[in-house]
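Generate the whole structure from the sequences, applying the supplied hints.
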Amino acid sequence: MSETTFMGVERNLIDWKPTIDYSKCNYCMDCVEFCPHKVFEVRDNDEIRLIVKNPHNCVVFCRACSKTCGPDALSFPDKNATTQRIKEIRKEMESHG
Amino acid sequence: MAEKYVILPCNGLDKCAGLVTRELALKLHERWDSEIICPVFYRVSEAKYNKLAAERPLLVIDGCPTRCASKLAVEKNLKVARRIIVADEAKKHRIGLNDGLRITDLERRFIDDLFEELNKIEETVRPASENEAVSYNFDYETIQNRKFIFRIPKNGEVFFNENDCWAWVNGNRARIGVTDYVQQNLSDILYFYPPEVGDEIDQFGESGSIESSKAVFELVSPFSGKVVAINDKLATNPELINENPYELGWIAELELTDPEGDKELLIGFERYIEITQKKVEDADVK
Ligand code: SF4
Ligand code: SF4
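Read top to bottom, the protein sequences are chains A and B. Just so we're aligned: 15 in numbering that gives the first Met the number 0 is position 16 of the first sequence, and the numbers increase by one with no gaps anywhere. Just so we're aligned: 41 in numbering that gives the first Met the number 0 is position 42 of the second sequence, and the numbers increase by one with no gaps anywhere.
Derived by calculation from the structure, the hints in this document are not laboratory data. None of the values given here were measured: they were computed from a predicted structure. Each hint should be verified, as a subset may be incorrect.
Footprint (simulated), chain A over chain B, 3 or more residues, beta carbon under 8 Å [said to hold, decoys possible]:
| id | region |
| --- | --- |
| 1 | 55-68 |
| 2 | 197-207 |
| 3 | 211-223 |
A virtual CB, placed ideally from N, CA and C, is assigned to each residue, including glycine.
Structure below.
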């Protein structure tokens with residue numbers, strides 16, 4: 000997946016992913032079922048049964064899984080900060096030709 | 000019109016937000032003479048409520064994003080006239096509902112506020128878009144795979160973001176909506192939650208959402224700006240988005256704040272066609 004870009008910027012330079020608040024999560028796994036991008040991974044044998052396994056698979060600016068989460072356990076980075084960061088990286092890329 | 004509603008609350012007992020749905024429904028019942036559907040009884044016996052729901056517009060009140068009441072409405076093939084999700088409203092009102100299973104004064108005040116808002120909404124007619132008769136002359140490029148046909152408008156004034164939303168720029172305004180790709184993936188769209196007229200939206204900010212029985216899709220606005228109109232027709236006919244998400248199925252109209260700056264982070268139809276083609280191929284492989 001290394002060739003994936005978002006708005007011309009390498010995806011792995013952009014910090015955008017869900018963060019699970021384990022004090023709220025009830026492991027209903029609705030988010031896992033919902034997201035088609037294999038961002039989450041279920042670990043049946045561990046105490047923490049759900050992790051964000053592939054953060055860079057998450058679609059930048061998508062927050063859809065948080066809408067399915069009853070206990071409101073999923074949060075995302077600040078969108079404006081992310082937009083700014085993408086602009087900066089693009090500028091840097093331009094100045095480096 | 001308000002008193003004609005029939006109300007379907009989730010009536011959830013395991014969260015405060017669920018209890019709020021019940022109290023709000025009771026208040027509407029008392030003040031508006033609305034009928035209430037008991038979700039538990041509805042599961043075992045349909046006839047009475049099916050009849051009611053066929054006679055009156057349906058207001059669905061969900062407590063949390065699990066949306067049990069909405070799902071029940073879908074299961075029973077009911078047409079929803081309006082829906083509120085208490086947890087989302089609480090966020091808008093910057094209220095933290097308590098963790099317990101009892102309603103406190105805070106929730107009571109919140110329920111009063113929600114009730115007042117519902118009353119107001121019923122009184123004010125939403126501003127209809129002035130340029131209803133805008134004529135579209137979109138030429139479409141078609142992408143086809145085994146299952147679907149996607150159309151993408153080939154127009155220099157239509158911009159896309161990589162979150163499958165489009166914007167058609169017309170002077171200092173733009174109409175926004177979702178692309179065929181979203182519409183096809185969701186299949187039958189059942190609900191439409193518009194942004195509010197007057198809302199200031201950032202570029203890539205949430206600008207409403209649509210929902211099918213499969214999923215919820217949150218619109219990511221291509222441009223920053225102020226919402227000046229929404230497509231009223233979608234409230235009663237969300238399926239227009241399935242029919243044509245670029246024309247009859249437009250979602251909102253924005254007065255643009257920084258069109259030139261925003262365009263730097265958007266793509267034109269050629270690039271969007273490439274990206275969609277790739278997505279369709281990737282999905283085909285799976
Ligand atoms: S939807 Fe929310 S509560 Fe359910 S598993 Fe995901 S994060 Fe946890
Ligand atoms: S935000 Fe979207 S892409 Fe990211 S994990 Fe959630 S559903 Fe998947």
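Here is what the structure says about each hint:
1. 55-68: holds (count 3)
2. 197-207: This one holds; 5 residues, not fewer than the three required, reach chain A with a Cβ under 8 Å.
3. 211-223: With 5 residues close enough to chain A, the hint holds.
Hint check: no violations occur; every hint is consistent with the structure.
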